[in-house]
Structure formats: structure tokens, C-alpha cells
Amino acid sequence: MGLLTEGSPLSWEETKKLSKHVQQHGIEQFIHLYERLRDRQGDILKWGDEVEYILVKFDDENKTAQVSLRAAEVLAKLNEKEMADPNGVKSLWRPEYGAYMVEGTPGKPYGGLLAHFNVVEANMRYRRQEVTELLPAGETVMSITSFPRLGTIGFTYPIHQTTPDDENSSARSLYFPDEAIFPGHPRFKTLTRNIRQRRGEKVDINLKVFKDENTKLPVEGSPPGQPDAVHLDAMGFGMGCCCLQLTFQACNITEARTLYDQLTPLCPIMLALSAASPIHRGYLTESDCRWNVISASVDCRTAEERGEVPLRENQFRINKSRYDSIDSYLSPEGERYNDVPLIYDESNYQRLRDGGIDHLLAQHIAHLFIRDSVSLFSEKVHQNDKEDTDHFENIQSTNWQTMRFKPPPPNSTIGWRVEFRPCEIQLTDFENAAIVCFIVLLTRVILSYKLNFLIPISKVDDNMQRAQQRDAARTQKFWFRKDPTGKKETTDGNTNGLAENGDASSEYELMTIDQIINGKDSFPGLVPLINSYLSSMDVDADTHCTIRQYLKLIQQRASGKLLTMASWIRNEVLTHPEYKKDSIVTATINYDLLKKAKDIQEGNIPCPELLGTSNRTRTTDSIPPAIEKHLRGKPCT
Amino acid sequence: MFTDMDKVIISTGNILSVNKKAGQKVEDELFDCLKVTIDDPITNTKTGKVFRNNDDLNEKITEFKREEIKIGAKVFLNNSSVEHLEMAVENLLLTLGVHCLDNLILSFHPKQTTYVTNGNGEHAVTNGTSKEPDTPNSVDGKEGVLEWSTGNSNALNELKLLWGVLEDYAKQKKICQLGIADLDPDSFQELYESSQVKPTIAQINLKTCCVVPPALQQFCTKNEIQLLTHSDPEEIITSETLSQLKLQSFRPLWATRYQVHVRCRGVLTAKGFIICATKL
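Taken in order, these protein sequences are the chains called G and Z. Going by the UniProt record's numbering, the letters in the first sequence line up with residues 1 to 637, in that order. Going by the UniProt record's numbering, the letters in the second sequence line up with residues 1 to 280, in that order.
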């Protein structure tokens, strides 16, 4: 969740009064930082992954599995190492929303060598081991996107009651007790309360239940008129999910904009391919992904802003939650594909333009700043706009979108960065490393071959919904650019490849994930493109062997030969002897499912239908000396 | 017309923006790149050199400071000829417009033929049946590197002579790092022991990257030699290929490929081939 500002949180009423203050100064802060850093050049590739984990408590006697609310305690120990040796540790640990969650990243970012791809999995393994060592018997750290029985009675360890009628409760949820929110930092409860209060009611998340033979309607807790909805009512149902994110540094702001844009159409594709969360509140649903759940779980828009009643107090009708797919491209090449009207305050936009910021970036920032601050600390209200960036970060870091465009932090050696955020977390380090390496390799291929994946933003939005359908990776088709190599466009001098009237519809078509990843007659396929790139690079044998295994996993998931985690979970439930074809994931099914998942993640049992047969790689803790030796004076790390 | 010349050197220039086909075999990639070059050539009949019109290789290289880029190259030889090797390296330096290559890898696969030296100091093939390309080492999962010198008992001695050429370039600091492709562990070790400038790269076929012979792996680890992968055939270009390119009655003498990487960014900024062919 990024940098956590320490201090005393303000109430929603106080925060609301300061909303304009934060917006105004946030924008001034961006103008200043842009002026300082716009011309920053020559940064090397650095990148890192973020893996989120949940702590699970197994009770073998009663055959139950619960989330263990031990994160604060575990985190305190994990952070001791970092405090003792901030530059030497191999991993960094941060709190996440759930009191049962931790987030781990590599101690140092990876660098621009291909050999770095071979240390990712080893580092992930190390992180998992590090947490494991701190857990009592019966508890396990797992990288699972959504805990299947989150929000059912007694899902936490220790068990806590919900207090929906207590005015002092942050979430006031019927299902998700406040104790399941990370207690070690005030940010999480503050966000929960402020989002609820800003919205004027609890968040309202409804997922279609997977209708099996004996599914009982209405589903318990479903809202009036929606008998087939699994209803969720708290931020924790979304932000209490785990995901896989990665951030990479660009050589300058232009490259960062290019990568931000080019990876945008890949977001729904990677969401579908990484789908891992078909069960919510103990019910099998029609959705395979967390995305819409999180989106609705932090939807702080009022009824006016959502367009349900006419605008009176609020300034705008807003189309999306603050957690959603991005609304505009940032590069000049992307401009013509910005076909969704952007909402922003004209005076904020004008201030940014007057501050020397171009149209595309100005409208992006102005659009982020339609949101109110939902977490403000009294110590941070008054700032020096020329040096501080807290107000900018306040709004930036609570726009949780598929991509994030990140300016260099103040007074650091870090450059312009782009964050890729759609992926669901996978069960094993092997799979997570595969996804991470695939995306970072793809960025190198995009830059080397100057590939173009742009399609209209409205089509990316459409794809985001397709991606979350049950079994989307195998059954859905997605809008995708026909010719990413751009051969046809260059002949007539029309580099954007658009017809005279600006219509881009001939440039894209519907493709399956298999076609996008593996190619077809008229489309090269992302993995073949990566292989072409690799054949032109100096890759060491071990790294290449590992990368081939990763790419094979991606290819077989795409072709449908291997299951997504979501499909695997569904199968486990549907074939469980206790399953009564009623969509309900009972405590026992939940226990058996997670127990088996634990055995697979630890390598105790194989799972060829999920992982294939070749999932032991040559990943290693460090770059081989033979490669490091030839980097003298040219540090890529 | 360059087909009238006795010997041609065809330089594709930077083909990154020209050939974007994915997943091609290297020999098909080379064919396509030569084809676009020959279709729109700039020919210098005096030097026998053919370039591709509208090439941006030099802009791509000069866009960066020399120390910001890494230039690697590979020479493909199927005949044992010191002269061909020298010509290949000289042409690389000239085409790239640089004083030094960061690395150069030699791929030397002698044909199962006998050689005589003709009047030009070249080794001409007298009994030239070329080996079937792409036959050996293609079984996935089977232990790697082919029997490099099969059928040519003198191959290692020929290789040592060629290596001497590369050592001279290395001593003159025109090549920083020397590498050799496809050697079996014994041959590699022998080359290593006998050389003044040691190979620091051992290149093996990608198909074997998960099943590297332990002897080679251990030797490389012990001596800090980079074990790198390639997906190149033993014979990258043949007379048949040349005749399909309307270079009938030409045979290839040598071929090179170069790649220009932006250091520490994992970005490929230029790539191209140079081949030399002569009238039969």
C-alpha cells in the first residue's frame, strides 16, 4: 500500500473540510516536482515485485481453517531485521489492510540484467520461509487472492463478533469485524470509516452466485430484488484480498509514459490469466477475480456522484470507483485512443497547464484529483509545496488503478516509475515469478521492437469486465490490437495508423487469450515475441532454462491446457464429497481446499493440472560471479 | 548489378524496425533480412559491398555514448580460414563504426570435407557436401552439447589457428571478451588450456540449456566463464539459400551477426547481419 504516513488521523468531518486544501496543495506539489524532475534522464532498469500473503490457521481436529490475526506481531519481528540492517536485508515487509495479511518485497530492486530473472523465485521462496519461521505450529503463510470463507461466522482466529450497530465501529459490517482490519497503523481503519462516511452508507458489493442444481435462492443476505447476489458490505472484502504487483523504473519520463500506455491493454489479459478468486463469503460465484469486489469495496462515491440521484451537493458525476481501470493514456501515441470523457475540475487542469504541464499529463493529474482525501493526518496538513509531496501522494496513492504512473520521490536516486497492478496472486512462488518475469520481459520487448498494443480506453474497460467472467481465460474473447509491430502503418506516413476520420476500429479485433499469448496466423503472439527478443540477448543457460519454464506455464495457461487458480479452486469444490451442489463452500471444504493448496505450495504433492510437470526451476539466490565479473564499473544492480 | 561481381559483402543494417516477425528460425530471419536488403540495395561495385537503403544503424549506435551500449557479435564459419575470420571481424568494426566490440563469439563448424588452398590463400571446398543442418542435439531433455568435431580429426587444430586471430584482436583491445559456440566439454577445455586469451563465454544451444553437460558446467563455474545460450544452426547460410536470393552460383564464405544493447536496461537497440559470398 505504499508509504505509510505516521500520525494522528483526522475525523471525516475534519478531513472533508480540508479536502480542497489537500487538492490545491497536492497539485502545487506536483507542479514543483515535475519542474524539478521532468528532465531526469538515463535511469537504468530497476524493478521489483510485491507479493501479499495471508496467514492461515489450520485446526486439524475440527477440520477448520481461519485467517490468523497475527500480522502485526509477525510484522514487528520481520521489521526488526530491516531496522538493524536496512541495506543488507533480502526482503522488506509492510502492513496490508487485513490483520491477517503481510506484504513482502525484495530487499533491493532487481536490475537490468537478464540473470536477475533467475533470482526472483528464490527471493520469493526466501520471503515465504522468513514468515513461516515466525509462525506457531498449525499456522501457514499462503499467497491466496481471497480467503474463501472471509466474512463467514468465525472466519478469524481468534474469533471476533461483528458490531454493525456500534457507531464507533469503522466498517459496521454484518460480516467483517473491525478486529480483522490491521490494527498496527491507524490508516486502515481511518480509510474504512472515511470511505463509508463519505459515501453516506456502507459499501455495497453484490456478486452473482454460481447457480448449481441445489443452489437456494434467495442467497442468504442478498439485497431485495437481487435474490442471486452474494452480498458483501465492507472494505475488507476487497482490500483484504491479496494481489501481485510490480513496479519498474523507466530511463526517463517519456519511456515511463510509453510503458504506462502500452501495458494498459495487457491489464485485463493478465487479470484473466491470473484469475484466482472464485469464492466470496463462502459462496462459489460467477466471477473468477477480485477486481470488481475491491473496486466496490472502496467506492466512496455518493449516490449523486454515481448518478442515482441528481447532483446537488457534489461537483461531478463520476463513472468509476477510485479503484478501477485507468481512464486515459499519457503518451502522444495514446492520445487518439482516449475515447472516454475525462472528468476533472477545470481550474485544477488550468493550474497544471499554467504550471508548464502538457495536456495529457495535466488531465491525468486533474482527473486523479477529483477524489477527496480519505485519510489525512493532523501532522501533515501544513506543508512546504516546494519540497513536500504528501498531499500529492495522498490523492495519488488512494487512486488504486490498474496502472500507476509514479514520479520520483523527493531527494532520492529513484527515477520515473510505472506500476502494474491487475494480477491476482498465485499459489506458488513458481507461478508468481513466472507472471512477474513475463511482464518485465514484455516491457523490454515493447521497448526493443517499439511495439504498439494501444486500443481505445473504452475497449480496455470492456475487456476488464470480460476478464472477470467465470473461466474467462479459456472462454472469453478480448479486444486486442491486430498488428502490434505496426508494419502496415508506416507505409502511408500515418504513424498512428488511424483512418482519416480518426476511427480506430479497423485496428483491433476480438481474440482469445490463447491467440494473444501464443499467436495465430495474423498475430505473432506475446510469447513468440519474447522468444525472438531473447534470441538476440546474451542469456545465461540457467536463466534461460528458468525463463522457458515460466513462459511454458504462461503458454499452457493461455491455451487452456493448464487450469487457472480460479478454475482449480472451482474443481476442488465441485468434486468435494461434502459439496451439495448448493454453491456453498462449507468449513470442511474450505479446510480441505486450503490444506491441499498448502501441500502444493510446499511441493509435497504435485499438481500437474495447475502447474504442469516442469515447475522446478534453476532459480538461485544471487547473480553468478561469471556474469557479475564482466560488469566492472557498469553496475546494473 | 552486384550479381556481376565475383565477391559480395551484403550488410543488412539494423533490421529491428524492418523484420518484426516473431518466433522465426535464425536461418529464416537471415533470409528475410537479406531479401529486404537485396530488394532495395545501395551497391558499391568497387568494394563489392551491398547495403540496405534507408538503414538507421549508425544513428542507433551514435544515439548513445559508446560506454552506454554493449555490442556483441558472432562469426559463423564453416571453413577453416584465417583470412575469412579476419575479413569478418574487420567488416564488423567498419560497419558498426566502432573501435572495439564488447564480445565476439566464434561459431566454427567445419564441414566433413577436404580442403585445398587456392591461389588467393583461401580454402576452397573440393568435395563440398554440406552437413544436414539442424540434425544433432535436437532431442529435448537429452544431455546437451553435440560432438562438435565429429568427422574432422583436425578440427581442434584448425580452431586453435582461428582462435589465434581472435587473440590478436583481443590483445589490440578491439574485442573485450572472446567466446566460442557449441564445443563439447573436452574440446572446450583443450582450447581453454592452450589459449593465451581465454574464452570467457561458452555458448550452447538453447535446446540444451536445461541439460548442460555437468563437466562443461563445472568447468565454466570454476573458471568464471559465462555459459550463454543461442538458437543458431550450425550452418546459418548455404549456397541454396543464396540461389533463392537470386545469387545463383554463389557460395557463402562467412556470416556475422551483431547486436547492440543499451547497458543495464535490457533493451535491444540494433541488430543486423553481414554475409560474404563468392562466385563458385
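One thing to keep in mind: the hints can contain errors.
[To be verified] Derived DSS-like pairs: lysine-lysine, alpha-carbon spacing no greater than 25 Å straight-line:
1. Z:Lys25 / Z:Lys46
2. Z:Lys246 / G:Lys629
3. G:Lys629 / Z:Lys25
4. G:Lys520 / Z:Lys20
5. G:Lys482 / Z:Lys207
6. G:Lys450 / G:Lys20
7. G:Lys20 / G:Lys211
8. Z:Lys25 / G:Lys450
9. Z:Lys246 / G:Lys477
10. Z:Lys171 / G:Lys552
11. G:Lys482 / G:Lys450
12. Z:Lys25 / Z:Lys246
13. G:Lys580 / G:Lys596
14. Z:Lys21 / G:Lys482
15. G:Lys629 / Z:Lys20
16. G:Lys561 / Z:Lys60
17. G:Lys629 / Z:Lys222
18. G:Lys552 / Z:Lys207
19. G:Lys629 / G:Lys216
20. Z:Lys60 / Z:Lys20
[Claimed, not checked] Stretch by stretch, here's where chain G covers chain Z in the computed footprint (C-beta under 8 Å, at least three residues):
21. 12-21
22. 233-245
Just so you know, these hints were derived from the structure itself, not from any lab. By construction, the Cβ of each residue, glycine as well, lies at the ideal position given by its N, Cα and C atoms.
To see whether the hints hold, each was checked on the structure:
no., hint, result
1, Z:Lys25 / Z:Lys46, "violated (33 Å)"
2, Z:Lys246 / G:Lys629, "violated (46 Å)"
3, G:Lys629 / Z:Lys25, "violated (32 Å)"
4, G:Lys520 / Z:Lys20, "holds (15 Å)"
5, G:Lys482 / Z:Lys207, "violated (31 Å)"
6, G:Lys450 / G:Lys20, "violated (41 Å)"
7, G:Lys20 / G:Lys211, "violated (47 Å)"
8, Z:Lys25 / G:Lys450, "holds (21 Å)"
9, Z:Lys246 / G:Lys477, "violated (44 Å)"
10, Z:Lys171 / G:Lys552, "violated (43 Å)"
11, G:Lys482 / G:Lys450, "holds (15 Å)"
12, Z:Lys25 / Z:Lys246, "holds (21 Å)"
13, G:Lys580 / G:Lys596, "holds (20 Å)"
14, Z:Lys21 / G:Lys482, "holds (14 Å)"
15, G:Lys629 / Z:Lys20, "violated (33 Å)"
16, G:Lys561 / Z:Lys60, "violated (42 Å)"
17, G:Lys629 / Z:Lys222, "holds (13 Å)"
18, G:Lys552 / Z:Lys207, "holds (14 Å)"
19, G:Lys629 / G:Lys216, "violated (66 Å)"
20, Z:Lys60 / Z:Lys20, "holds (17 Å)"
21, 12-21, "holds (count 4)"
22, 233-245, "violated (count 0)"
The structure does not agree with the numbered hints 1, 2, 3, 5, 6, 7, 9, 10, 15, 16, 19, 22 stated previously, though it agrees with the rest.
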